[in-house]
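Engineer: Taken in sequence, the protein lines are chains E and X. Mind the numbering: the first sequence is residues 1 to 729 in this note's numbering, read in order. Mind the numbering: the second sequence is residues 1 to 729 in this note's numbering, read in order.
The set of hints was computed from the structure by calculation and includes no laboratory data. Bear in mind that the values here come from a model prediction, so they are computed numbers and not experimental data. Accuracy of the hints is not assured; some may be wrong.
You can't tell identical chains apart in this list, so a pair holds if it fits in one copy or across any two.
[What the hints assert, rightly or not] Dumping the calculated DSSO-like pairs for lysine-lysine here, alpha-carbon to alpha-carbon at most 27 Å: (1) Lys37 / Lys387; (2) Lys390 / Lys484; (3) Lys397 / Lys570; (4) Lys390 / Lys674; (5) Lys397 / Lys566.
2 protein chains.
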Amino acid sequence: MELLLLIVALAVILAVSYAAFNFLSVKRMEEGTDRMKEIAEAIRIGANAFIRYEYKIVGIIGAVIAVILGVLISWQTGVAFVIGAVMSATAGWVGMKIATYANVRVANSARETGDLGKTLKVAFKGGSVMGLCVAGFALFGVLIVVLLFGMALGQISDVANGTVQHGLIFPALETGFTMTLSGYALGCSVIALFNRVGGGIYTKAADMGADLVGKTEAHIPEDDPRNPATIADNVGDNVGDVAGLGSDLLESFVGAMLSGVILGCEMCVKQIVSGELLNILLLFPLIFAGVGLIGCVIGIAYLLLKKKLSDQVHRELNIATWISAGVAIVGSFLLSFFMFQNADAEALKVIGFKLGNFSPWVAAIFGIATGIIIGMISEYYTSYDFKPTKNIAGASKEGSALTITQGLATGMISCMAPVIVLAVAIFGSFAVAGMYGISCAALGMLSFVAATVSVDTYGPISDNAGGIAEMSELGKEVRAITDKLDSVGNTTAAIGKGFAIGSAALAALSMMTSYLFAFMGDINMVQNWMDSLVLNVMQPLTLCGALVGAALPYMFSGMLIEAVAKAARKMVEEVRRQFNEIKGILTGEAKPDYKTCIEISSQGSLKEMRVPCIIAIAIPVVSGFIFGAQFVGGILIGATVSAIMLAIFCGNSGGAWDNAKKYIESGGVEGHGKGSSAHDASVVGDTVGDPLKDTVGPSLDILIKIMSTISLVAVVIFSEYNLFSLLGL
Amino acid sequence: MELLLLIVALAVILAVSYAAFNFLSVKRMEEGTDRMKEIAEAIRIGANAFIRYEYKIVGIIGAVIAVILGVLISWQTGVAFVIGAVMSATAGWVGMKIATYANVRVANSARETGDLGKTLKVAFKGGSVMGLCVAGFALFGVLIVVLLFGMALGQISDVANGTVQHGLIFPALETGFTMTLSGYALGCSVIALFNRVGGGIYTKAADMGADLVGKTEAHIPEDDPRNPATIADNVGDNVGDVAGLGSDLLESFVGAMLSGVILGCEMCVKQIVSGELLNILLLFPLIFAGVGLIGCVIGIAYLLLKKKLSDQVHRELNIATWISAGVAIVGSFLLSFFMFQNADAEALKVIGFKLGNFSPWVAAIFGIATGIIIGMISEYYTSYDFKPTKNIAGASKEGSALTITQGLATGMISCMAPVIVLAVAIFGSFAVAGMYGISCAALGMLSFVAATVSVDTYGPISDNAGGIAEMSELGKEVRAITDKLDSVGNTTAAIGKGFAIGSAALAALSMMTSYLFAFMGDINMVQNWMDSLVLNVMQPLTLCGALVGAALPYMFSGMLIEAVAKAARKMVEEVRRQFNEIKGILTGEAKPDYKTCIEISSQGSLKEMRVPCIIAIAIPVVSGFIFGAQFVGGILIGATVSAIMLAIFCGNSGGAWDNAKKYIESGGVEGHGKGSSAHDASVVGDTVGDPLKDTVGPSLDILIKIMSTISLVAVVIFSEYNLFSLLGL
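Please work from the sequences and hints to get the whole structure.
Structural biologist: As structure tokens, this is what we get:
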């Protein structure tokens with residue numbers, strides 16, 4: 001059975017080398033005119049500088065956490081944390097690199113070939129580097145951790161169960177392989193949090209700042225070279241939408257994969273499953289992920305090797321995704337069937353497998369279906385082909401107040417449908433495969449993550465290419481191609497968000513089960529053991545935790561929005577200053593000072609990201625040491641439920657405002673086109689929605705996962721040592 | 001002991017007769033000039049017409065519910081429901097009546113006397129009618145229900161425990177006095193829901209409609225007689241802020257009072273408390289409420305009988321409130337001490353009374369303190385004396401997008417502090433007096449409700465008086481007095497909101513405990529019985545319920561906002577039409593058609609209120625019959641937690657936007673006064689915030705209570721008969 005891990009190794013090698021090949025092949029292409037080179041270089045330098053600064057800060061914080069983990073929990077946990085952090089940081093960095101190379105080459109391809117299909121190929125090749133790296137590095141890290149600390153895989157159950165790890169401070173504390181795995185997941189999460197939050201603040205501060213003065217006051221179009229904030233805006237796409245997205249989805253992928261593995265280990269520790277069965281439960285997610293990655297390599301290669309791509313961009317991308325997903329679905333069917341074939345039927349029943357060896361596969365299908373349906377629901381609420389967004393555009397005729405009101409209403413109403421789908425997935429995957437099924441569903445969603453990330457990254461690359469084309473004054477035909485690519489990117493992004501929030505919710509819930517395992521007493525094996533896993537919200541301490549937990553995502557979101565607004569206002573002031581002081585900017589006679597704007601965005605975001613991130617990491621731990629594990633359990637469930645709603649609300653209202661503006665620009669509202677007062681109102685909606693959908697929404701996805709992961713790591717200590725139990729309360 | 005009920009009867013008689021006296025004394029005052037009479041009559045006619053229509057619809061829905069309750073549960077429950085509905089409807093109606101009499105008389109007092117103190121007295125006298133009626137009718141209804149169905153009070157435990165009631169359809173179903181009480185609470189809730197939602201949509205549709213065209217397009221001030229929507233706006237204050245508020249707080253008061261009583265009955269049914277102790281547990285909340293009401297009569301009389309009121313309006317009102325609260329605090333101390341004095345110490349320990357006979361009093365103090373602190377926090381986040389609102393005003397310099405963004409951020413961040421206070425109250429009141437303590441805390445907050453409602457009602461009366469003064473062109477001195485009264489009303493409203501959300505949360509949680517009692521099996525008296533009360537959120541069905549429940553307040557809020565926006569847009573179109581078609585409106589030469597605007601608001605709100613209200617009532621019941629009691633338990637906790645956050649968020653961001661605008665108008669932002677672009681931006685914020693703070697926020701308070709009440713009523717059926725258990729899932 002362990003030999004199946006070779007599939008994982010193969011997948012990693014295949015993915016990373018294909019990524020390297022694509023990287024070099026993109027880099028070898030022509031950059032175009034001098035003006036284009038100049039702009040691309042400015043973007044590249046800005047992005048590099050930001051990531052360097054950011055990684056310095058994150059490196060320090062990460063080192064502190066690693067040392068704390070090593071000292072308090074076990075050195076293995078600390079090392080695994082570092083491996084996770086390095087994997088996540090590398091994926092983000094590679095993605096940012098390739099995006100800053102690909103953007104100008106996409107523009108140049110559009111300029112030279114004038115062919116939509118060929119240009120799509122360049123953009124997608126760039127995106128594929130990111131997609132393959134995300135999944136490849138994630139799996140690579142897992143493989144290292146498993147081989148390094150799981151050691152002889154035949155005895156992996158001994159590692160979970162027997163081989164005891166010790167921290168330095170609490171020698172009585174005994175932890176096992178679970179902690180090491182959690183440490184790895186936490187490493188990925190921490191980087192993802194900082195990348196998402198830092199990048200999210202950067203990109204939206206620049207974007208809002210550029211729009212607020214450029215569009216609203218000076219009435220110059222987006223990406224106009226006369227706008228001093230425009231390069232910062234393009235840098236933002238690379239550090240926020242690319243690097244942020246990359247480490248975000250790497251973290252989701254790892255979370256989905258390991259939540260099942262960790263749960264298996266916990267069940268083994270509690271002697272619910274035997275070592276033999278654990279072996280299967282542990283290997284299945286890893287190999288499933290490996291098979292999915294191979295599927296993605298095939299899907300991506302299909303698109304890149306195809307002779308001639310049609311003009312139907314969305315369809316071409318869909319085919320690549322569907323090939324990847326198809327391989328994952330068929331592969332997981334075979335894996336589920338064969339891996340669990342010889343497992344003891346009774347043992348499977350005990351952990352809730354109702355359909356025998358098919359159970360994990362059916363659960364995974366529930367997950368995949370849920371991701372797609374939630375994506376479709378997001379599209380319904382945010383695309384201007386449907387009523388909700390059209391209504392927002394219509395409301396803009398009456399001024400910006402009604403644009404905002406209508407958008408808020410749409411976002412709020414949009415919470416119900418995806419949540420019902422999610423509830424069905426939870427109930428269904430649990431019904432067929434118990435708690436393990438929920439993590440299978442999460443992994444199902446993310447098994448073809450390399451393909452979805454490739455598609456998601458191609459979007460901002462095309463967006464950037466459009467910016468470069470505009471700034472280099474490349475003419476309408478070029479812009480038409482990049483615009484077309486960009487608009488498809490917006491649709492795929494909506495679907496990507498469905499996967500992100502759905503998988504985050506499922507992974508977090510699965511982690512919470514492990515959390516409960518970690519501090520509960522003996523399992524009552526006479527009755528259904530799952531009934532022993534209790535988080536009783538009517539217990540006052542848990543209830544209080546749930547209330548405070550539910551307020552946390554609000555506070556976190558509010559702080560992020562405020563951070564964006566603060567940085568954006570500084571940007572506005574700077575842009576206004578330049579318009580006033582540098583004569584001839586608006587006539588194109590003088591060049592604006594792009595660099596100062598980039599610095600404002602960098603400094604603003606690096607300064608503002610720290611407090612909310614540290615709060616997110618610290619609150620579960622600190623409150624655990626004061627109030628104990630029941631309270632933190634409440635925090636986790638409260639925060640998860642509350643964050644899911646807020647994330648959907650923010651994502652959908654933001655997306656709907658964005659597209660309502662585009663609908664007006666495309667002439668959808670009769671008599672109120674570009675430049676009308678209705679258009680101005682819709683720009684206000686778009687500006688308000690920007691930080692909601694691109695900073696707050698994605699950060700909330702990470703928040704719930706990082707909170708459950710860090711609680712899982714810390715609970716072994718604070719369930720024993722906390723102020724409340726010391727005081728005898 | 002039962003003789004103490006005479007205190008309640010005395011309080012009711014005292015309060016209602018004092019209210020009648022004040023009503024007549026206000027009505028006897030002079031109305032002023034012919035123009036004033038004319039305007040006041042138009043407002044009165046509009047308000048009367050709306051309430052009549054609304055009560056027709058509510059009457060039909062209420063009758064249907066009453067019949068269903070009578071047939072399915074017991075005739076007693078049906079009758080109690082009707083009594084509750086009549087009490088709530090009457091309170092709303094009386095409040096609306098007196099407000100439409102008092103408004104013009106306040107304006108006239110300002111005109112004739114030019115004295116702030118004297119005018120305050122008139123306004124407060126009007127408000128006091130509402131305050132006294134709310135508490136008086138609530139207690140009157142409870143008294144009727146207790147005397148009618150509780151019968152011989154010495155045997156009240158037999159009624160809870162022994163005397164069995166039957167429905168017609170499920171003859172096996174056995175219910176007791178608990179159901180009757182729940183039916184009464186439900187009657188109050190249903191009316192409150194419709195009054196709040198219907199009135200909330202009415203008032204904000206008119207307000208937004210008037211502002212959107214008047215302030216933003218035609219640049220005429222608020223309450224200008226040239227604005228056709230202005231009378232509708234003033235009608236709205238009376239049906240939304242007065243009638244809606246009245247039945248809302250009546251419902252809160254009843255909920256807080258009965259949640260403890262119902263819990264006591266359930267504990268008696270489960271044989272946790274003896275009949276003797278139940279007697280005390282049952283009487284304590286009623287008599288506490290009665291004493292509180294007597295305190296309010298004293299507090300109100302103090303203000304009204306005082307020879308000369310100072311110009312410090314806020315201080316005068318505070319003294320009245322503090323006298324009322326002081327009597328309630330001292331009275332409840334004595335009640336707690338003497339009523340529980342002879343109770344068996346062991347029996348008190350079993351229900352979690354850690355401080356013996358002082359326990360309920362300490363819990364009540366926790367509640368009172370919490371209400372005040374939450375109010376102070378709301379004030380911090382929404383008053384322009386503090387940083388958050390000043391920041392919003394400052395952000396308005398950069399345009400409306402940043403006004404909105406900053407307001408959203410403020411609202412989100414503002415959730416944490418009040419929730420922590422609430423958590424402390426829950427933990428503290430539970431620690432001293434168990435689950436019963438939580439309901440004591442809720443009742444503590446609302447024990448002097450008559451005083452707070454009097455103060456809360458005086459606000460919209462003064463607001464209306466200002467409107468009438470403006471429309472009758474009464475001159476600046478008059479307007480200065482009404483403005484002063486109005487602005488104090490805004491501050492007191494913020495504190496009132498703290499009490500509303502806090503008490504709603506506590507009452508709902510207390511009801512949920514009773515809900516768990518109603519379908520759980522036997523209590524394990526060997527260990528702590530409270531540990532048997534389990535709502536396990538890790539149970540998949542409960543978890544799914546919690547997710548769907550958390551989405552419910554969002555959907556409900558979104559629908560309300562959309563309803564307001566829809567009605568407001570119709571109003572905007574009508575106002576524009578009149579400006580275009582009726583020549584000479586803006587020059588004051590022609591009279592606008594006020595009546596059509598009133599009709600638009602009426603029809604819009606009556607049409608739009610039905611769906612969200614029916615959804616709120618139906619979802620817990622319908623899903624209970626499909627998925628059973630565990631799922632509904634999840635819905636209740638999910639909805640409660642989620643609604644608390646949304647209500648705080650909506651209330652505070654709305655309030656902050658409102659005051660940011662006022663701050664700019666008062667010249668707080670240097671160089672950006674009234675009429676500047678910053679002011680325009682702040683008006684956008686105010687308009688967006690209006691439905692959030694005045695329609696959504698208060699409606700959410702009711703939502704969580706009505707859901708827990710209706711679930712409590714229906715659970716006796718659906719815990720036995722539901723699709724999932726029939727299918728064996």
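Engineer: Hints first: check each against the structure and report whether it holds.
Structural biologist: Here's how the hints hold up against the structure:
{"no.": "1", "hint": "Lys37 / Lys387", "verdict": "neither (43 Å within a copy, 46 Å between copies)"}
{"no.": "2", "hint": "Lys390 / Lys484", "verdict": "within (21 Å within a copy, 43 Å between copies)"}
{"no.": "3", "hint": "Lys397 / Lys570", "verdict": "between (30 Å within a copy, 13 Å between copies)"}
{"no.": "4", "hint": "Lys390 / Lys674", "verdict": "within (16 Å within a copy, 34 Å between copies)"}
{"no.": "5", "hint": "Lys397 / Lys566", "verdict": "between (29 Å within a copy, 13 Å between copies)"}
Violation of the numbered hints given earlier is confined to hint 1; every other hint is satisfied by the structure.
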